[in-house]
Every structure is written in C-alpha cells, then in structure tokens.
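Enquirer: Sequence:
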Amino acid sequence: MPALPEGPGMSRSRAVILAATVAVVAAACGGSSGSGGQTPPPSGGGGGGGGANPCTTALTASDTEAGSVGLVAGGQSGAVTDKKVLVDGSPRGRALEALWMHDAAAQQRRDAAASVRSQSEDAGARAITAPAPVAEDIGDIAILPDTGNLVLPANQLDIAGSGLRFTRSGPAAYTITKIDNTFRSTLGTRLTLNDDDSAQNDVRFAFPFYGTTQTTAFVNSDGNITFGEPDKASTERNVARLLTGPPRVSPFLADLDPSAGTGRVFVNAAADQYTVTWCGVRGFDTTQTVTAQATLLPDGTIEFKYETIQLGDAVVGLSPGQTGTFTTINLNVASPATGSGALGERFARSPSIDTVAIGRAFFQTHPDNYDQILIWTDQRLIRDAFAYELTVANEIRGLGVDIYDLSHDFGSGGRLRSVVVMDSIGKYPDDPNQKFLGENTAMSVIGQEVGHRWLAYMEFRDHTGARSDVLLGRDLAHWSFFFDSDASVMEGNDIEDLGGGQFRTIEAVKRYSRLDQYAMGLVPPSAVPSFFYVESPVSTKAREDAPQIGVTFSGTRREVLVDDVIAIHGARSPSSAESPKVHRQAFILLVSAGRSTDAGQVAKIDLFRRTWEGFFLEATEGRMTAITRLR
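For reference, each letter of the sequence shown is one residue, going 160 to 790 in the numbering used here.
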C-alpha cells in the first residue's frame with residue numbers, strides 16, 4: 160500500500176517558500192485505457208503496442224542505430240569519478256523537501272488517527288491521546304525517542320507492470336488514469352549516456368507543457384526528461400529536485416547509471432510522438448534495474464509504461480520547474496485523480512528522518528537559543544547521502560544565498576538557522592580523527608555540514624570581467640577540486656604550484672579558509688589574501704570530484720581577489736565587526752521506536768561533541784567558538 164494516500168489518492172502540500180528562494184536554499188505506447196475508461200490518443204511513428212516488450216530484443220542486440228551522445232559521455236562536461244566518497248548532496252531545496260515530507264506524513268498520521276478514533280467510537284472505547292514530548296537529556300546529549308512521530312514511513316513502489324496517462328485538464332493541471340503497460344514497439348536510436356549524463360534531442364512537434372511550448376528536450380540518465388536545460392547533477396533524486404529544477408517529465412527519477420551492465424536508453428523522436436525508453440538500466444552501484452518508457456504526444460498527453468522494476472526509491476511525476484508546491488498522488492489508485500502544478504508520488508523503500516518533527520519536538524523541551532542542531536541516530540536512516548545539512552533561515556547578504564526564514568516551521572522562535580543530519584553514529588569510526596571517507600575524518604564531515612550554513616555558493620568576476628562559478632565544484636555547493644581553498648572542509652584541496660603550469664594537491668579538508676571565514680563573518684575582506692584556481696586543467700579528475708591528496712595536473716593559474724567575489728554578490732552584511740563569534744549547537748540522538756537508549760552510543764556522540772569544539776576553534780584560527788552544551 161502506498162504510504163501517503165488521501166481520498167482517491169491525493170494530498171496537497173502547502174507552498175512553503177517562494178520558488179525563487181527555494182532554488183537557492185539549503186546545498187514514457189498507446190495501449191488500451193485502464194480503469195479511467197479514456198480512449199488513448201492515436202499513436203504513430205511505429206508506436207503501436209502489442210507483443211513482447213521491445214527492450215527484451217534491444218538488450219541482446221549486438222548493434223543498434225547510434226543516436227546522441229551525452230554531455231559526459233562525449234567529454235564535454237566533467238563527471239564525478241567516485242560518488243561513493245562524497246559526503247552529502249546539495250543543500251539547495253532541502254528545506255522544501257523536509258517540509259513537504261513532513262506535511263505528507265502528518266496528513267497520513269491524521270488520517271490513521273481519525274480511522275482509529277472512528278473505530279474506537281464505534282466500539283464505545285475512549286480514544287487515546289499521544290503524550291507530550293518529555294525532555295530526556297543525558298549530559299549534553301538531547302535524547303529524542305521516536306514514538307511514531309519522528310521518522311517518516313516507507314512508501315513501497317507499486318507501479319511495476321502498470322501504465323499511467325497524464326491528460327491535460329487545464330494549462331497547469333493534469334488528470335491521471337491507469338492504462339495498460341504495453342510498450343511502444345519502435346525504440347528508435349540508442350543514446351550513449353554515462354552516469355549522471357544528459358543528451359539533447361529535438362521534439363518534432365510543439366509539445367504543450369504547463370502553459371509553454373517545448374520543441375527541444377534533454378534526456379537525462381536518471382530516468383527523466385527536462386526542458387530548457389539538462390540535469391546531470393549528482394544531488395539527491397528527490398521531490399525538491401523535481402520542484403526546483405527545470406520543467407521535468409519524470410517516469411522514474413532515481414540515481415541510474417546507463418553505462419553499467421547491459422542497460423540501454425533509446426529515443427524515438429517522430430512527428431506524432433516523442434518516446435524515451437530506459438531498458439534494463441541499473442541503479443548506481445547496484446545490479447538492480449528498471450525498465451520504463453515515457454511518451455510525449457502533440458496534444459500534451461504524457462504516458463508512462465513500466466515493466467520490471469527492482470529499484471525501490473524514485474520520484475514519479477511532472478513539474479513545471481522552479482515551484483514550491485507539490486501535489487501527492489497515489490498513482491496506484493484505479494479511479495482518476497487530478498492535480499495542478501507539480502504532482503506525482505515519492506517512493507521510498509526505507510523510512511527516513513522527519514527533520515521538521517524532530518526540530519519541533521526538541522524545541523518543546525529546550526530553549527530557543529541554538530543556531531544549529533545536529534541529529535544523530537541509532538541506526539542508518541538516510542540512503543542518498545552520508546550526511547547532510549539544510550539551511551532553514553538566512554539573513555546574511557553577500558553569500559550567494561537568498562534571504563528567507565523557515566525557522567518557525569522547525570519549532571524555533573526565530574533563532575535556528577540550520578539543521579544537520581549526521582545519521583547513524585555507528586557508521587563513524589570510534590576515533591573522531593581517523594580518516595575513513597576519502598580524505599575525511601568524522602570531524603571534517605561535521606565541519607562540512609556545519610559550514611553549509613554559510614558555504615559554498617560564491618561566484619566571482621573572472622579575469623575577463625565575466626561572472627564565473629569555476630571556484631565551485633559539486634552541485635555548485637562545494638569548492639572545486641582545482642581551487643586552492645587551503646584544504647577547506649568544504650571539499651577543498653590545498654594546491655601546490657610546482658611551476659611551469661604544473662600543480663599538486665598536498666592537503667585536504669583541514670580547516671576553514673580565509674575566504675570561508677569571510678563568509679562566516681569572522682574576518683573583514685582585508686584579511687583575505689589572494690587565492691587561485693587552475694584554469695583548463697589537464698587531469699583525470701573533474702572539478703566536482705571529492706578532494707584527494709597527491710594528485711598532479713597541469714593548467715593555467717588564475718589569481719582571484721575577495722573583491723572579485725564582492726563584485727558579484729556585494730559586501731557581506733552584516734560585516735565581520737557586527738557578526739557573532741559564538742555558534743550555539745545542540746547534539747541530538749534520535750532513538751528508534753522499540754529501542755532503548757544505548758549508553759555506548761551516547762558516550763561516542765559526547766566524545767565527538769567535545770572533540771568538535773576543539774576542532775572548530777582550530778579550524779577557524781581561534782576566531783569562532785562552538786558551544787555545544789545544552790545548559
């Protein structure tokens with residue numbers, strides 16, 4: 160059963176933030192109709208259904224007609240060489256994702272509670288009211304037991320072997336009906352796509368989509384089609400990405416890798432239909448696959464068809480892009496459902512953390528005097544990152560981040576600025592200073608997530624006078640591999656200039672650089688020395704890669720001044736003289752339902768807490784103090 164149903168399959172999340180703000184917050188064969196009874200639009204271009212799934216033959220064919228080559232596969236754009244050593248994804252849009260997930264889960268709990276109350280009243284029993292949260296601190300670690308209110312339930316995928324039709328019911332609204340899953344038989348040309356890749360193709364008719372006409376589409380390796388721009392990022396494939404990215408048709412938004420195994424992606428761009436098929440494409444770093452097809456028709460109708468799906472985590476739906484509203488649809492309900500704006504369903508094989516509920520529970524029993532809360536768990540609950548941060552409010556100008564405030568949604572009276580999810584304490588070494596994740600230690604991982612409250616989003620004026628983002632690496636929220644960031648904890652390298660256009664990385668993820676400290680409000684612009692990046696690097700590495708010591712490469716050294724950053728974003732306001740030098744944090748342990756608090760885990764978190772205070776002081780050159788005591 161889907162985890163988030165309401166009525167015929169829909170619940171609407173409130174618009175929680177302006178789309179312009181959300182965009183920078185943080186780091187589918189025409190078969191017979193299903194139960195909706197709707198006659199399908201005429202198909203063409205070899206799109207007739209019937210017979211075996213064409214992917215069966217395509218996956219065993221020795222040669223297929225060559226089509227477009229992806230940006231990454233064609234060498235036009237860098238790709239992350241090892242995603243398994245990356246710490247987190249982009250903080251951008253995370254607050255929106257957290258609020259949407261909380262609202263959807265809260266509606267589910269309300270529906271379940273109403274059902275229980277109704278059954279109790281019918282039986283003459285008295286309804287039971289859940290107890291209020293009780294503070295259970297152990298030393299300086301806040302303990303929050305989950306009683307079914309702090310962890311979001313799984314939503315098992317249930318669309319394999321089915322088909323879906325999205326029919327326009329207005330300029331920005333669709334009616335969704337179930338249809339059969341017969342694939343269009345003509346797959347077209349094969350696209351050569353790497354992991355996190357995208358290929359551009361013409362749509363041979365004017366396709367109406369959310370009030371605009373599209374004639375060009377980008378087929379992205381991660382199970383979706385976008386308009387206006389490609390999407391080949393390595394960030395989480397979640398509702399926030401569906402909402403805040405470009406306009407998107409998403410038959411199966413997930414971390415897929417067409418370059419692994421025997422999976423293939425095809426596009427058939429005919430005059431009367433545009434069909435993309437993912438045949439047996441593997442998920443990243445797994446042998447589990449998905450076979451799905453998306454078809455766009457000239458009247459604006461969209462069809463998704465599914466055969467085998469072994470993967471369990473995906474977002475299925477449509478989005479106009481740059482929006483803050485998502486309508487949750489139960490896609491496995493027989494009766495038609497209608498929604499406007501971005502709509503669809505999020506499938507998740509495992510439970511996940513409800514950061515909004517945790518924030519509210521914490522502040523019910525603790526004072527509102529924390530800038531940041533760090534959440535640890537007693538078992539692994541996040542799957543698409545190692546750890547992550549979401550910025551819930553920002554009042555600082557000059558960082559490359561908009562001004563907004565969602566702190567009240569997280570239970571704060573206005574002081575909270577950031578929430579960090581560190582996940583299971585068990586996946587970190589007992590020694591907080593031991594390297595274990597690429598060049599990272601537990602302390603540098605905390606340093607990166609804490610740093611996302613301010614960093615790293617800065618662009619600059621380059622030597623030609625143009626605006627540039629080449630200081631930035633992965634997701635434009637971490638420093639570039641080729642930026643000499645003095646081994647910033649924000650995925651930074653310290654780069655040695657060997658002369659003659661040769662360079663070598665000599666240190667990584669050790670501190671907050673002077674540029675970092677400027678963003679944090681610790682030093683004035685005059686205290687930031689010039690820094691450099693390597694232009695046009697000749698290297699096996701991409702700018703999005705995780706830092707690594709001992710890598711040599713060549714290129715052109717380009718000097719940058721902090722004034723070049725200020726020329727783009729304006730001066731930091733408030734200035735360093737007006738900014739706080741104390742950062743108040745709370746360390747929280749989420750105890751899973753049915754479990755008791757583990758004293759060993761509490762002791763380990765407390766060791767990390769105490770070690771972190773010293774690390775942070777040293778990393779900021781003594782300019783900022785982290786206070787992590789609860790009292």
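There may be inaccurate statements among the hints.
As the list claims (entries may be wrong) - Dumping the calculated DSS-like pairs for lysine-lysine here, alpha-carbon to alpha-carbon at most 30 Å:
#	residue 1	residue 2
1	LYS586	LYS700
2	LYS594	LYS740
3	LYS594	LYS700
Think of the hints as simulated: they come from the structure by calculation, not from any bench.
Enquirer: Does the structure break any of the earlier hints, and which numbers would those be?
Expert: As far as the earlier hints go, not one is violated by this structure.
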